[in-house]
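Sequence order for the protein chains is A and B.
Each residue of the first sequence is one higher than the last, beginning at 0 in numbering that gives the first Met the number 0.
Each residue of the second sequence is one higher than the last, beginning at 0 in numbering that gives the first Met the number 0.
Because the hints were derived from the structure by calculation, they are not lab data.
Only a predicted model underlies this, so the values are computations on that prediction, with no experimental measurement involved.
Don't take every hint at face value.
[Said to hold, decoys possible] In silico PhoX-like links for lysine-lysine, alpha-carbon gap of 20 Å or less:
#1 B:K229 / A:K133
#2 B:K194 / A:K133
#3 B:K194 / A:K102
#4 B:K229 / A:K102
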Amino acid sequence: MRNKTGVARLLEIAGERRGLLIVSGLLSALSAIVSLVPYASVYFILRELLEHAAEPAQADGAWMTRWGLIALLGLLGSLALTYAGGMASHVAAFRILYGLRIKLSAHIARLPLGWLNGTSTGAVKKTLEQNVEKVETFVAHQLPDLVHVAATTVLMISVMLTLNVWLALACILPILLAFGVQMRLMSGPGTQDNVKKYYDSLERLSGSAVQYVRGMPAVKVFGQTVHSFRKFYADMMHYRDYCVKYTDQFQNGFLIFKVVLVSFAAFVLPVGVFLLSSNPDSVAFASVLLFFLIMAPGISAPMFKIMYLTSTLRDIREGVERIDRILAEKPVPEPEHPQKPASFDIVFDQVGFSYRADATSGEALAGVSFAARQGEVTALVGPSGAGKSTVANLVPRFWDVSAGAIRIGGVDVREMAAADLMDTVAFVFQETFLFYDTIYNNIAVGRPDAAPEEVYAAARSAQCRDFIGKLPNGYDTRIGDGGVYLSGGEEQRIAVARAILKNAPILVLDEATAFADPENEYEMQLALGELMKRKTVIVIAHRLATIRDANLIVVLDEGRIAERGTHEELIAARGLYERMWRAYTDAGQWRLGADREEETASGHAAQHYGG
Amino acid sequence: MGMLRNITAGNPRSLVKPVAYTTLANLAGVLPFALLMEAARLIYEPFAHPGTALDTARLWWVCALMGVSLLILYAAEIPAYRSQFRNAYSAAAEGRSRLAEHLRKLPLGYLNKRDPGDLANMMMGDFTMIEHGISHLVPQMIGALVMPVLALAGLSLIDWRMALALFAALPAAAALVLLTTGFQRRLGAAHMRAKIDAGNRLQEYLNGIRVIKAYNLTGERFTKLERSFKELMRHSIRLEGKLGPIVLSAIAFVRAGLTLMIMVGVHLLLGGKLDVIVFVSFLIVGSRIFDPLTAALTGYAEFRYHEQAGERIVKLLEEPVMTGERQPPDRHEIRLNRVTFGYREKAVLKDVSLAIPVRSFTALVGPSGSGKSTVLRLIARFYDPDAGEVLLGGENVRSMEPEALLRKVSMVFQDVYLFQDTIANNIRFGRSGATMEEIVEAARQACCHEFIMKLPNGYDTLVGEGGSTLSGGEKQRISIARAMLKDAPIVLLDEATASLDPENEASIQMAIDRLVQGRTVIAIAHRLKTVRGADNIAVLSEGRIVEQGRHDDLLAAGGLYKRLWDLQRQASGWKISS
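Isolated chain A (complex conformation) (with noise of 0.2 Å):
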């Protein structure tokens, strides 16, 4: 036994109860019988006429025009059991989807963020669109038309088999032919391999898709043609040549398929023909012939619908691979019995921790152990790629250390419930993101429960006051898409009132964030000031000045800590932090375009950056 692929792992995730899909099968069921009895009743009409062929005025027009009738009714009632069955599947499909999406997204979520950063989210979207679209047309369409043609199948090669068996193995003949070419089409050497190259090509192309909406400011900037822009193109062009090179694999086999279908009577008609030689006077006979002559396309339109059954399944074994492949990823471990800390200390004990598993690309820290006490600010410092946001970041769980411990309160952060542990820490990032949402909303995340007095105090620490007040709707307006964008300082005081918001006992705060706007930036050291009161603060420190003060200076180089101490201390001890400190009050100095009024002066002072 192997594990279960396609259609049957799909009904294993979607989690769907079957009734529904019970219901619809019977219902379809139904609806295909019953869809039957107008072609019945065409034969039995023609019957009719086939008696009374020599003289039709004696044929019993009351009893033909009933036929004529009870096709009307035939035709209304598969309508409606169409309709119902069709629902009844459509609700089905339309709740695995939700289903699947609520699911996948929620997996994602509970992933390690290095995960999100190392597949591009074009290739995610598309999996949790179109893969899991192809669910409906399987579900709510493909599964419902395959009992309808169960059904027709079976009762009417009985009734034919019970008729005339040579002209009912004339009929199964085709069948038995179609269905071998679909087989054949679905399991054909290859064939699984090229639909997945077929993914990949999409996955490729939609990957890219997104990469040029989002990158087209920079696009312009450069002045790149849509030709230029290598990438995308070929990418679009690679999809379509595979997409034809796809097609024209199945060409034979899905024409053949087709063909065949329309053909029934090609294979009868011959049977027929030999029989009724030998026995030409037969009323009885000729209108079994008939019968099998206007039956035939009773099997064979229904057949039709599930023409494209082996693509689809293709899809969905393809797609629910994909699915798989999402739900396989291993989330960040939530432990079994989680603790709460009682005290709000940060422990580093001999972390390590590298991004990608397998080491090759070194790693990111190595032996990091200091404390974070609470009521004290612990700065970070270091050259850029020397860890400091790597253990910002191990701080809320955002990767799992793979060597030593975080301690918060004494409690390892891995036997904390993730909620809690995000409750615990509130974090003020480089990057901000703001929702296509109100700039209400956008601040009361830090808190959904906030009452509104609070959302509004929190935004007024922040310095967001002034700009809101400014919108066109204040705090309701909308931000991104239909609404408006927010320059880069006031996202980030947004992101900032959050974190007040959120009050939570510890913070992490990447100081960059806080100093983007003149105007405001004392108010903000002001409401920052007074939001780190009694709490644990862990900065990542830019600009050396504003940690002068803090209570424990980590300095980072190369994933290892090269020196801690108080900024005295680190001063005196003459090491890397001393010679940062002296780069960065020579940086203070620095004015933008200093040395061009020199070289407009002398001509020459570019000789200064010679080497």
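Chain A is already provided as a structure; the job is to place chain B on it using the hints.
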């Protein structure tokens, strides 16, 4: 015609071949059908006219011809199949590249107004619908009409009364479909909106996953995403539930023709006004002729839905692009002449005039929202002003080719977008065709070389979507390297030195110093002391230039600049401590 334009994303000619070949294939499909009628006639003949023998020889001929007709049918289907898929994928590929090209020419202002998720969705999802429309829906719908139309014509010749009865209900079905078109469209549009909304929410969810995690909004707690999925489900069910009865009623009308024809036939037959073999022929036709019509009706509903996807693309393609063909002049002084501009109704710049001489250094300062960034965007012609003019070398930039103008300008902005590509190619963006040596040189100048060499694969290291694997400062230096390589005479800097660690800051400063050598520079500065050496500092407030001059003059004037300066000095004395 409008519909066909939409379903092909503005390229209806791509339908010609698929429709023609599909029609041809459907014509071939009439052959076995006609042969079947002939066979039925031959079987009836001896019973209808006692004394005549069964024409077995002729029946065998019919069998043989039926075999041949299958081969013909197969042969006729091949070009139909091939042209359907070829044209569909080609039209979509062309359409995608046309849309991509169009997006590029639209003012950035327009693009900023749109949700990027929405546009990406259009690029992918909507064009998938276009593919399906061209490969299946339209050819099949039109092809499906071949048989009924031929049958109607042929049968009318045999017996017009019966033909009339058979197709009598057709107008009613057509009327039903056409009269409810508006309703169908509304339903379809509502569904489409729900679908787009779900797509946008998902994109937002994926992009903002870090914030979502940090604030415990994951999974079902991220109610907005959940709600949009639920809404999509609701609309999908509603679409099926409400469209179903319309389509099924239309089918009922169409197919009721069979019963009507039987009634008329029986009546005429008993009255001796109808030949029995004619009636038989009509019965055989009547049992099958409605299948393609039913398919066409079902296809039409689907067609209308797909058409809306195309309509959105066509609409976007009709958005006016930026015009202008002239090459920019070789003189590079810039003048803003009484420029007024607003993103929507609200004016962001009001009557702004500013002169920027060649090789001068101009700084723009002022509170956030005062319009500093907008000035830069107007110079680079991301937008055209609502009133007044922007002049480069004395000529209005409006008349210049936007791309050629942009070649004169380098921009270093705060948010840097890196493509999912190698570092080298990301830098090469500055000038396509640059050699590896030139790239390395630019990287050295921009202080990137060192950190690039520390990466696992050096210049061949792939950076993620949005460049998420590099730090902010590193990304910014990459963007300076791009600008170095581009070597444009005008440099625009926006918040370039904010948000950096000290070492980065020193590197960036060095890089910027090299970049601005001998060029015309316009910089937005947040930290005023970095621009106190500027040739001219323009102080903006609420969309107007309230002061301008050199640092010392502005300080002496005691206006807004002085106030900002004092505030910043106060702030820079701030220290983080508990």
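A quick look at each hint next to the structure:
About 18 Å separates the Cα atoms of B:K229 and A:K133, which keeps this hinted pair within 20 Å; it holds. For the given pair, B:K194 sits about 15 Å from A:K133 by alpha-carbon distance, which is consistent with the 20 Å threshold. Under the criterion of a C-alpha separation no larger than 20 Å, the hint pairing B:K194 with A:K102 is consistent with the structure, at around 18 Å. With a C-alpha separation of about 13 Å, the suggested pairing of B:K229 with A:K102 holds against the 20 Å cut-off.
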